[in-house]
Every structure is written in C-alpha cells, then in structure tokens.
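J.: Make the full structure from the sequences, and use the hints.
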Amino acid sequence: MAIRVNPRFIDDLERFGAEDVKMCYQCGDCSTVCPHADDVYKFPRKSMRLLQMGLARKIETTLEPWLCYYCGQCSTQCPREADPGETMMSLRRWLISRYDFTGIARQFFKSRITEVLAIFLIALLTGIFLLYYGFSGGSIHIYDGEGAFLPSPFIHKFDLTVGSILAIFLVINAIRMWYLVMIKGTKFAVPWWLYLKELYQLPWHFFTQKRYSECEKKREHPFFMPWFIHLGLMLGYVTMLVLVMVFVEQLQSGPAIQWSVHIFGYLASIGLIAGTIYFIRNRVKKNYVQYKKSHGTDWVFVILLFLIVLTGITQHVFHRTGLYEWANITYVIHLICVVPWLLRMPFSKWAHLIYRPLAMYLAAIRRDALALQEKLIYSYPINIK
Amino acid sequence: MRTGVYFCQMEESRNLNIDSIAKYSANLPEVETVQILGLKPHPEVKILCEQIKSNNLGRIVIAGDMPGYFKPVFTKAMAMTGGNTNEIRLASFQEHGARGENAMDRAKAIVACATMGVPFSLVAVPGGNPVNHSTLIIGSGIAGIQSALEIANAGKQVYLVEQTGTIGGHMAMFDKTFPTLDCAACILTPKMVSVGQHEMIRLLTKSKVVAVTGKPGSYRVKIKQSARYVDIKSCVACNQCSEVCPVKVESEFDAGISLRKAIYIPFPQAVPNAYLVDEINCTYILSEGKKCGTCMKKCPKECINLNEIDRTIDIEVGNIILATGYELLDISKIEQYGYGTYPNVLTSLEFERLTNASGTTGGRIITKTKHINKKTQKEEWIFSPEGIPPRSVALIHCVGSRNKKYNPYCSRVCCMYSLKFAHLIKEKIPNVTVYEFYIDMRAFGKGYEEFAERIKQEGTFVIRGHTASVAMNNGQMIVRGEDIFNDKLVEFKVDMVVLAVGLIPAHGTEELSRMLGIQRDTDGWFSELDYNGSPTDTDKGGIYVAGMCQAPKDIPDTVAQASAVAAGVLRSLTSGKGIGHLSSLSLSEIEERAKNMHTI
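Line by line, the protein sequences are chains Y and W. Note that the numbering used here has the first sequence beginning at 36, numbered continuously upward. Note that the numbering used here has the second sequence beginning at 72, numbered continuously upward.
Check each hint, because a few of them may be wrong.
Not everything, but these chain Y residues come out facing chain W in the computed CB check (under 10 Å) [to be verified]: (1) GLU49; (2) LYS57; (3) GLN61; (4) SER66; (5) THR67; (6) ALA72; (7) GLN87; (8) GLY107; (9) CYS109; (10) CYS113; (11) PRO114; (12) GLU116.
With the Cβ distance kept under 10 Å, some of the chain Y side facing chain W (calculated, not the full set) [what the hints assert, rightly or not]: (13) ARG43; (14) TYR60; (15) CYS62; (16) ASP64; (17) VAL68; (18) ASP73; (19) ASP74; (20) LYS77; (21) ARG80; (22) LYS81; (23) GLN108; (24) GLN112; (25) ARG316.
Think of the hints as simulated: they come from the structure by calculation, not from any bench. No residue lacks a Cβ here, since even glycine has one placed at the ideal position from N, Cα and C.
T.: Given below as structure tokens:
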C-alpha cells in the first residue's frame, strides 16, 4: 500500500486543540510514565511521531487515542512542553470527525460559530414546532391528561423519533470505526470467534470505566475523584436516556410521585448535576493539567448539559407544586435544549460514550489476534532472575 | 555619497530606541533618507528601486540586529537600479555589542561608521593602557591551573585564587577521562604540583575575591582569605589531628558519599598539601574556644592555630581570568528518578567518586547497604565494605538537561561520561548488565563516535529512548523505558541507577558577574565577546573567561581555551598595552575618527 503523507496534518490538528506537537523530540518519557501504554499499544510518543510525519491515514486506523484517559502525567513530565496529553485529546476529536461520514463533526470542531448556529437553528425549529403543536391542540394551563399542552404519548413518539435519528448516525459511525481499525488498519488475520470471546469487554468498560480508574492511581486524587464523578455522570445520563425513551409516560403523569420510576430519575439527576458542576468548576479553575486547555466544544458540552438538567428539575418541581403554566413553559425550554443536544451527539465529544468501549473491545481483539500469531514473544535479550 | 539608512529589526529591541537613532542618523552628513521598516519587515524590491531612484542613492545602510538577513533584497534593488552593490553597508547592533548601559551611543556610532562607509571594527579601537604585569586567576580547576602554568612559565606573576582548601577542581574527582580512558589524576596532579611549587604563582586557597576596582591594565583587587587554622608551611600532613577529631561530616570532595573530619585534607594529593579546618563544623570554633581543641594538643609540629582570623589581601593586577567552573543541578526537585528516595540512585559525580580508585570503596563499584546510625538510631544507607556489586545498572542521560523546566541547553559532557561509566562498570564487574537510556547520542569530538561504537560492541545495551520512571517493587528497582529503535516498551530490574545530571554555573557566578560588570547569558554562564571570533574575551577589557564558566565543555576544550586565554594575557603583557574598554571611547570620538578615515 502506498503511504500517503499529509504535510499539513499538524497544522490541521491545531484547530482541534493540539498546538505543540512540533516541539516533541521523541525522548519517550511520555510512554514510560503512561499507566496504559504496553507492548502492543505504545503511546503517546508513537502517536506524536506519526503526527509529525503527517501519516493521517495511518493514525485514523489506530486505537491509541481512545486508550488514553488523559491523566496528564505525560504532559507534566514532557521535557519539551509538547503536551502529549492534549495531543491525544485532540486526536480523539479528530478521530470523531473522521468516523463521522457526514463531515458535520469536522465543521463543528473547526468552527465554534457553525456549531453554535446549528444548535440555535435546531433549538428554534424545535421551539416553533412544540409551541405550534401545543397551542393547536391543548391549553397551556393543563400539564397532563385531556387537552394537555404537551401530552405524554406525543412526547414519547417525539423522543423515539429523535432517538432513532441519533441511533442511526451512531451505528453508521461505529461501523466506520470498525472498518477503519479492523479492516484497513489490521494487517493480520483476526479469527471471528475472538469477537465473541471479548464481547464482555463492551458492557464491562461501558459500565465500570475501569481503565479510567487506573489513571487515578497515577494522578493521586483523593477517592479516585474524577473517575467517580465521571462514572456518576455517565450512569445518570444513561439512566435518564432510558427513562425518557421508555418510561416518559409514567414520568409525566399526575402530581403524585410514582416512586418506582421516579427514584431512578432522582438518582440520575444527582449524578448529572454533581458531574456537570464538578467539570465546569475544574474547567474554570484549570486546576489540573487535563483541564488547562478547553476546546470550544468542551464548553458547549458541559454548559448545555447543565442547562438541560436545570430545566428538567425546574419543570419537575413546578409540575409537582401545581404551577402547570410554568411547568409547561420550562418543559418547552427543556426540550429546546434536549433536541439539539441529542442531535449533536454523534458529531461531538459525546460520541465517546460509544467509541470508548468499542475501542477497548477492538483493542482486546487485536491484542489476542497478535498473541495468536506469536508476534508478542518478549524477545528482548535480557532477563534477570 | 548620497546615503539611505534603513532600520530593519528582527526582534523587539531590549534597550534601543530606534526612533532616536533614526533622528540622529538623519542629521549625519550625506544621509538623504531614513526609513524605519519596523519588526520583521518584508522589503519589496520594486519599492526599494523606486526609493533608490527618486533619492538618487549611492549607498544604502541597513541597520538592525541582523541586517545581513535583509541584504539580498537590497542588493537586488541596488543591482536593478544600476548602483554599486558594494555600497550596501551593514550596521549590526548585535555584532558590535550595542547592549548594556551604553547601548544607545554604541548603536549611533555603529550607524555613523556605516554611513561613512568605514568598518566599525577599524574605527572603534580603544586606546591601549599600560598593563600591570601580574595576572589574577579566579578558580583553580583544570582551566585555572593550565592558564596559570602557561603564564607563569612565560615568567609573569600569577595570583591563583581558590575558594576551597585545594586546587584541582572537579577534574581531581574524576577517575578516567573520555575517550582515551586516561587516568585523570595522572594528567592533573603533576600540573597541580608544579602550580604549588612555581615561584611565579602565588596560591591563595580558601580565598574569595570581594571587590574589584580600577580599569583594564590596572585592576585593584581585594581578596578575603579565610583562616585555614593550619600553617601550610609547617604542616606535614601526618594525619594525627584528623584521627583525634570527633566531628564527622560529609566529604565535599567525595560528593557526599563518604565522611571526613572537621580537620581534614580533601584528598591525599591536595595542593597545598596541608590540612585545613572546616569552621562551620569544628566544635572548638563553634563554641568559641570553650570545648574540644584536641587536635591542637595532638599536633607534633604545633602548626594548628584554631584562633587564627581571616585576613584581606590587596593586590594590583593587569588582567583577570575567570575560571570558576560549574556545579551539578540540584535534582532533588526532579522527583521521577527517585533520587533521595531510593538509596542506589546516584548522581554522576557520586558515581565518579565511587568508581575512583582513590575513593571511599577503593574503586570497587558496590551498592549501598543499610546501617543503623548509632547516634540517631535511624536507618541510613551507606557504602560499606560488605556491599555487593550491582548485577545491573541503568545509566540515564539528559537528567535536567535539554528540558524546558530545568536546563534548556545540552550539558555537552553527559553522553560521553555515561558511556565511560558503562565501560568502567563492564570492566570492573563480570557478568554485569548495563543499560544506557539516551535521547540523542552527542558524541561530537575527536574519537568520540568511535568510543560510542566501542561501548556498544562491549555489550552495553544502548537504548534510544529516555525514561522518566524509576520505581521500587519489593526492594527491587525497576526502570521502565521505551526502546524506540526496537519498538518495545521495556522494564528492567536494576540494582543501581546513575543519573547524568545537567550542569549549571557555579554558585558564585552571579555575584562575580555583578562585581566585575561581566554579562551573563540567559542560562547564567559568562558571556564572551564573540562566540566565533573571540571566545575567550569578555566585553570588559583585560578580563577573560576560560573553561566551564563560559559554557559546558569537556576537558580537552577547557584546556585548549585556558591556553588561548594565556595567549591573550601574554599578548597584552609583551606589547605593554592592554586592550582598553570600548566604552571608554565616546560617541563624538568615534565620529571624529570615522570622519578622518572617511576623508582618507
């Protein structure tokens, strides 16, 4: 295969956040301090090298950026201040834009104005649609039941529609990722049964994020803090998504609280609100190396999520206290935030919810396949007993 | 000749007011037009051509920090308009030293000379001063010793000032020199002895220069000589005083890996070969004569006088040579290598003393063993005779060097001495494994590359890839590294880690630079006048730099530079005229001279 070099790759990646790649002189300090680097997946130095050589086609088939959880050790140790941690972060953003077949992600990452305009446009359309629907069929004074402003069966269908659009994009992108990594980027045979053998990796990494917690050992935060908060945020998020997609009619009913459903909603809300506040605070204070540089998309991500949670809680409180007009108004605002947020997912950082476990899964398969080929024999001449 | 002056700056000027220089140059004779093109300009040939034509310019002066950078454009424009391209003159502020206090006057003078078409270096020659025939050398490492011998052998008086109790400096601590693997002491000690015995060299140990006044050719120097408490002439170095001394402290000469007494001789070949008292730790001096004093009673020659006081010496010298040397970067702040935490992580100097045949272990390379300090009841790790040789050693290059957080520069000697260490370890311990972790191998000198190849062939694993991780696992040190050439992440169990620590200027360098008015560069080393043209002169006349205090360099380069300095000093002594300070020339004087030359 011909090797294609993109000499402007570093300049291109600057728009995604990596600014100091040129400083790197390949000492390998970053790889030695990384808690995740091993014999098969050596990073960040190798990724830095590929970047410096402009091998964009090669990098898009690698999994290394997804195996990094940005503990920031490499950036702290780097003698050249080349910031390998931020480079890996930028590569993840770049990879999201590569997996995305529409090219929208690339536009969002490169131009903040485009992203904000798109969000406003979708928010506006959603708002107009919901208000039109509400006023044509119901009354603003009624929250649920007959003649409601936004009846729950309608919301349920609405949610499912938005959800399916989201799912279609995500599945196509995930398949593209699999194609790039396992077909284009893997030059050795991968037996099909390895896909079954390592299947447990998907739910395991999705629900525990164990790899992230391994970073904390290096980072020496008290109580594994960022990992714990991130896990809470993620679980809250997923719970909420399930509730909204499946149980929205139970959630929206009555002023009486249906505890069997609502208890999950409350727990999820706690996780979400704690997580968003924690991460916004860190990004403002820039207290750890991984929060020093915030890309525009990072801000949109946390701020929008915070707004969603806030409006969601407010409408819930208004509903239960009987202020139906206010509940309806906040509900419309809530949905105006939710729809662009959900539709933006596949083109933004949020997509790592899917890509991370998938990367872990594919990485394990590749590692097994390599071991089968006996390419992993530790052939270094020295072994001290 | 109708002249146009163009100001092109490559970077923001530190203390030059370009507008004021431009105003000044507009008033110079024959100057037709003055243009300030600003920072990093892109002059266009077409516009320049128009300006040359409209002003009918015969000569163009490009003024700025790096005017040569813009010369091609102007040459093109001049050629296209049919002018004489030889009449493009450069007025380089950087090259002719327009910095410091007189920067503005100097810059004006440079522009004035250029507009008149006479080279600045020909015009601005400071007048000679009558020179005092004595020379002061500050620092007596190999650089100071070499210069002192060269000058003294030419029959001129030398004052050699040394802060510690003995001359020899860092080279006396080394075991072998690279790449020839000669014994360092065999080269140095004969030189030290001849310094000690030379009739033209006055050796001032335990001394410090405290004030320098005067001008080139006749500097008046005040030297404070701390009390040695032992009479150099009568001491025969019998060691009886040291035997009875109750105080034990870490030996500076042994880089802290062994202990010495409060009355001690740094090493057996010290010059002057006499004992001295460490006033910071001596019980008698600390208690102001109330306690101890056993050494005074013991001394058979009665040469110890613990009541001796410091004295100051005033001398007058014509030339001063700075040879103050270097010290190691304090690496306790670089935590990832575990220095200070793990006992068997050594700095390069500590290892140098460990492997030295005259060192505490007699040249046996062993690991530290755990002992219980009887006084404090604390565990401590020391080199003791029962120590065992390491089975594997990791040598890590570039510790604190080429690192933006510590030293951005290359310390220049570390690659080579680390390779030398690898050889010494392989030579002294059978079946040992040695790993070298390097970033870039800088084997730049005569025979160095061959030396590096030889070490690789000896079986040392020279690994391209630095490491930033030394960890301890169940009492076993583990070094993790990336072998970039073999594309592997490696983990090695090692018993000893030697860090090639970066070099920084010796601690008195800043004070001395302020006292003498010598500039230092951004890294703290003394600035020379011109790195290529006059690497030994400073911008003050009659003051020279030699050895490490100018920049990191190895022993051959240091010796060469020290001899070059001696040549500079002897030149001024034989001519009877020292080079005056350029700043003694005023602007009007330079202008006058330039005009005279111009008319010729």
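J.: If a hint holds in the structure, say so; if it does not, say that too.
T.: Against the structure, the hints come out as follows:
| no. | hint | result |
| --- | --- | --- |
| 1 | GLU49 | violated (20 Å) |
| 2 | LYS57 | violated (14 Å) |
| 3 | GLN61 | holds (7 Å) |
| 4 | SER66 | holds (4 Å) |
| 5 | THR67 | holds (5 Å) |
| 6 | ALA72 | holds (6 Å) |
| 7 | GLN87 | violated (13 Å) |
| 8 | GLY107 | violated (14 Å) |
| 9 | CYS109 | holds (9 Å) |
| 10 | CYS113 | holds (8 Å) |
| 11 | PRO114 | holds (4 Å) |
| 12 | GLU116 | holds (5 Å) |
| 13 | ARG43 | violated (23 Å) |
| 14 | TYR60 | holds (7 Å) |
| 15 | CYS62 | holds (4 Å) |
| 16 | ASP64 | holds (4 Å) |
| 17 | VAL68 | holds (5 Å) |
| 18 | ASP73 | holds (6 Å) |
| 19 | ASP74 | holds (5 Å) |
| 20 | LYS77 | holds (6 Å) |
| 21 | ARG80 | holds (6 Å) |
| 22 | LYS81 | holds (8 Å) |
| 23 | GLN108 | holds (9 Å) |
| 24 | GLN112 | holds (5 Å) |
| 25 | ARG316 | violated (28 Å) |
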